[in-house]
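*Asks:* Kindly generate the complete structure, drawing on both the sequences and the hints.
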Amino acid sequence: MPSSPTAAAPTEFAACTCPRARHSHGTRDMYGYHKCRCIPCATANREYYRSTAHLTRTRKWADAEHARQRILQLRAAGVSIETMADLCAVHASTLRFVLSGPGGRTVRRVLASTLDSLNAISYRDIAARTVSDDTRVDGESPRLQTMALTAAGWCPEDLAELSGVGRQTFSRLLRGFTTTEEMRQMIDALYRDLRRSTPPQQTHLQRMRVRRALKRAAENGWSPGMAEDDEYVAPA
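So for the sequence shown, UniProt numbering puts the first residue at 1; every next one is plus one.
Hint data in this document are derived by calculation from the structure and do not stem from the laboratory.
These figures come from a predicted structure and were not determined experimentally.
Careful: at least some of the hints might be erroneous.
Listed next, the in silico EDC-like pairs over lysine to aspartate or glutamate satisfying Cα-Cα at most 20 Å (straight line) [said to hold, decoys possible]:
1. LYS215 to ASP158
2. LYS60 to ASP116
3. LYS35 to GLU47
4. LYS215 to GLU157
For each label pair, taking beta carbons as the anchor points, the in silico distance ranges come out as [stated by the list, open to error]:
5. ARG195 to SER122: 30 to 38 Å
6. ARG212 to ALA21: 41 to 49 Å
7. MET226 to ASP63: 29 to 37 Å
8. GLN202 to ALA76: 43 to 51 Å
9. SER93 to GLU65: 16 to 24 Å
10. ARG50 to THR130: 48 to 56 Å
11. GLU161 to ASN220: 19 to 27 Å
12. ALA76 to PRO40: 49 to 57 Å
13. GLN202 to SER122: 52 to 60 Å
14. ARG37 to ARG212: 53 to 61 Å
15. ARG46 to MET226: 57 to 65 Å
16. ARG105 to ARG59: 19 to 27 Å
17. THR203 to GLY104: 42 to 50 Å
18. LYS215 to THR94: 35 to 43 Å
All C-beta atoms, glycine included, are put in the ideal place defined by N, C-alpha and C.
*Replies:* So, in structure tokens, the structure goes:
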């Protein structure tokens, strides 16, 4: 009985209909991908799990909530995810996965070694880490400043022209990405220069840019004063 890769129920005997891959009977791929339940495929699947079971049995796991709280504690101290990754030798994507699992689901467990590495980060290690212009830092402060300036009518083109920071940098910030210390300082200087001013509206293009910026801010609930109370913590 032929089967498709999206078969919803097991079949007694399936045929591989993949346009490129050629799955043969007696393999785990045929069992899992095409849901074939013939004896050779079932045996291959059973042997696979039998041979890999030790990989999960020998690993030590820890409650992911402890790791999340530690990450949030370090973030509150001004330590970016990238800095944590450097200090604890755990990939930044792993730390982000702990904070927010697939599809927003809560991760329930992490490797005990990951939690131990996070707990091993000391404030002495943080203080000893030098910050250069290329150091990745948390983007929360420049993100708030960009939102506030947009709410005042400044569009990305204006911000890029006046600061020397590329439009792509502002776009990435608003999407939640980090930035470099150099870019953070440039955006901070721009914000201090423009926060009490309004964009020019002498030409049609300028007025159109202002309307576009104000519309975007209104759609996202941004306000000109949203960065006033933000206190930047120097990156570790």
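*Asks:* I'd like to know which numbered hints this structure contradicts. Please list them from smallest to largest.
*Replies:* none
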